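Chemist: Residue numbers (the UniProt record's numbering), protein chains in the order written: chain R, 1 to 275; chain C, 1 to 292.
Source of the hints: derived by calculation from the structure; they are not laboratory data.
Because the structure is a prediction, the values reported are computed rather than measured.
Watch out, some of these pointers could steer you wrong.
Unchecked claim - With a straight-line Cα cutoff of 25 Å, these simulated BS3-like cross-link-like pairs (lysine-lysine) come out:
#, chain 1, residue 1, chain 2, residue 2
1, R, 75, C, 210
2, C, 70, R, 223
3, C, 289, R, 152
4, C, 234, C, 25
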Amino acid sequence: MSQCLQTLQDYGLRSLGIGERLLPRTGFSLCEHFALIGSGLIWNIYFGALALFFGFFLANGLALAKISENPILRKPAEWFIFLFRGSPLFIQFFVAYEALVQLPRAGIDIFGLTVETGWITRAWAGALFVLTLNTAAYSAEIFYGALRNLPKGELEAADAYGMTGWTRYRRVVWPNAMRLAWPAYTNEAIFLFHATTLVFFSSFPAFRQQGDALYYASFFADKTFNPFIAYPIVAGYFILLTLCLISLFGVINRRLNRHLPGAVRRIRYRPNLLR
Amino acid sequence: MFASCADPKTLEGLAWLFCYLGSGKHVLFYLSFGTVLLLLAITAPAALLFGFGGAMASRSRIAPVRWFGKTYTSMVRGVPDIIFFLFVPIALDQGLEWLRAQAFCDPSVPIRQGNEFVVCAAAKLPLSTSPEWVHEIYGVALAVIAFAIVFGAFAANVLYGAMNAVPRAQIETAEAYGMSQRQVNRRILIPQMWTYALPGLANLWMILIKATPLLFVLGVEDIVYWARELGSAKTSAYSYPHPDWRLYYFLGILVFYLLMTWGSERIFDRIRARLSAGQATMAGEAMRKAAT
Chain R
1 MSQCLQTLQD
11 YGLRSLGIGE
21 RLLPRTGFSL
31 CEHFALIGSG
41 LIWNIYFGAL
51 ALFFGFFLAN
61 GLALAKISEN
71 PILRKPAEWF
81 IFLFRGSPLF
91 IQFFVAYEAL
101 VQLPRAGIDI
111 FGLTVETGWI
121 TRAWAGALFV
131 LTLNTAAYSA
141 EIFYGALRNL
151 PKGELEAADA
161 YGMTGWTRYR
171 RVVWPNAMRL
181 AWPAYTNEAI
191 FLFHATTLVF
201 FSSFPAFRQQ
211 GDALYYASFF
221 ADKTFNPFIA
231 YPIVAGYFIL
241 LTLCLISLFG
251 VINRRLNRHL
261 PGAVRRIRYR
271 PNLLR
Chain C
1 MFASCADPKT
11 LEGLAWLFCY
21 LGSGKHVLFY
31 LSFGTVLLLL
41 AITAPAALLF
51 GFGGAMASRS
61 RIAPVRWFGK
71 TYTSMVRGVP
81 DIIFFLFVPI
91 ALDQGLEWLR
101 AQAFCDPSVP
111 IRQGNEFVVC
121 AAAKLPLSTS
131 PEWVHEIYGV
141 ALAVIAFAIV
151 FGAFAANVLY
161 GAMNAVPRAQ
171 IETAEAYGMS
181 QRQVNRRILI
191 PQMWTYALPG
201 LANLWMILIK
211 ATPLLFVLGV
221 EDIVYWAREL
231 GSAKTSAYSY
241 PHPDWRLYYF
251 LGILVFYLLM
261 TWGSERIFDR
271 IRARLSAGQA
281 TMAGEAMRKA
291 AT
């Protein structure tokens with residue numbers, strides 16, 4: 001037990017570079033599996049949470065642009081959404097990485113100021129960038145669908161109150177759209193967290209072997225030639241993560257629907273399959 | 001390949017590019033697009049078959065079969081699919097080798113020696129004496145099975161939902177006519193479920209297309225492998241030296257996938273329109289109104 005605590009101390013934050021530098025070489029106890037894979041999960045949560053946060057705002061803007069009648073706004077939004085929803089995330093990672101590597105290594109001179117570019121090719125920035133754009137495209141499509149399905153009565157009521165423009169959007173359109181989109185958006189959030197496992201399997205290198213949960217799981221599976229321990233552990237971690245996400249989004253869902261008696265359905269643990 | 005390409009050092013501009021894109025390695029690259037299409041062509045029906053089995057099993061009246069079906073269909077929920085893609089091929093490979101070891105090997109030698117999984121030479125899959133292409137085919141076959149199992153579970157969910165969506169009255173009427181369970185399934189349930197299953201299956205096809213680059217993770221020499229191989233910077237030791245061109249290769253692959261998904265979308269729109277025509281559904285009603 002105390003040995004396991006020691007392992008937890010050594011490897012619990014290994015993915016952030018804190019603790020033991022060298023990965024385990026022999027033995028590979030169950031405790032090491034749990035500690036190291038769990039520490040990798042920090043990266044999955046980091047990518048997922050931040051991409052979800054930034055993507056949310058971008059997606060709202062994109063959805064508004066896509067529903068607008070002005071082709072100057074609509075066309076770029078449509079193309080953006082098509083580009084990111086129509087191609088595999090895996091390839092998007094490769095393209096983004098290769099494009100970012102092309103940036104001059106020494107930094108870019110802007111009005112005498114040198115902007116560092118080295119960090120952008122690192123996973124924490126580059127992969128986060130791609131994931132944000134990717135989830136923004138998928139979420140924008142969900143929000144766009146919600147905007148199209150706004151109840152006509154609510155909009156007419158807003159008009160009757162004399163609300164226009166920003167007030168109308170903030171008070172009637174946006175809350176309703178969120179309410180309608182929320183179950184699908186919950187699903188998208190789950191898929192985003194699953195997609196974070198691709199980061200270190202595509203071209204983004206794991207700096208000093210600091211990788212995500214699946215990176216360490218496959219490390220163990222490669223070393224021990226035993227896929228029956230590491231992969232179920234990482235799967236278990238992800239089921240836990242999914243459960244946490246669902247309860248978190250369920251709280252928000254209840255708040256969004258609080259004015260509708262009976263409509264406060266709990267989002268059940270039945271994550272959809274399809275993104 | 002072409003006589004004019006015999007000495008690439010003398011070529012310039014477009015002629016150089018033409019010869020470059022026609023080189024032997026590039027032909028392999030083009031063929032690997034075929035690998036992707038082949039994978040899709042094999043996996044889609046296989047996954048549908050697995051899914052059909054899974055859906056039927058989860059509806060079974062025999063409890064153990066139903067449990068098996070429910071476990072199979074729910075295993076993909078909540079777990080990233082790439083975990084299965086990494087897990088299934090290794091697990092399958094070890095399982096097969098273990099079975100063969102039971103048959104062909106000396107039982108006194110343990111298979112699991114510390115951190116090694118060792119079977120005797122006779123039980124190796126494929127045999128170490130077999131030619132290179134057998135190894136490659138074996139790798140692709142494991143990948144295909146992994147895809148079929150994972151997407152079969154997805155399809156099972158879709159088909160299970162579709163079977164439940166068939167109006168209850170239809171089934172009851174068939175039972176009232178005295179049809180057996182098997183007849184009900186074959187004559188009423190299965191023909192009617194496709195309209196309900198189509199949107200889900202169309203989505204699944206899109207996801208399957210977008211999952212094919214994961215072949216690279218499984219070690220198959222697919223388009224991603226060749227794009228990395230061909231695109232990386234080539235020194236003058238090669239016949240066609242060039243700087244790092246991986247970006248352009250990956251952009252090409254991106255366009256390929258965009259075309260695939262775009263084309264599929266068009267085709268599904270057509271099928272959807274055809275299936276909705278004359279149906280007593282909202283889409284069918286909208287089509288009727290538009291026509292008059």
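Chemist: For every hint, state whether the structure bears it out.
Modeler: Evaluation of the provided hints:
Of the supplied pair hints, the one linking residue 75(R) and residue 210(C) holds, its CA atoms being roughly 24 Å apart against a limit of 25 Å. The hinted pair formed by residue 70(C) and residue 223(R) fails the criterion: a straight-line CA distance of about 33 Å is larger than 25 Å. A threshold of 25 Å between alpha carbons decides the hint, and for residue 289(C) with residue 152(R) the separation of about 21 Å falls inside it, so the pair holds. At most 25 Å may separate the alpha-carbon atoms for a hinted pair to count; residue 234(C) and residue 25(C) meet this at roughly 13 Å.
Violated hint for the displayed structure: number 2, the only one.
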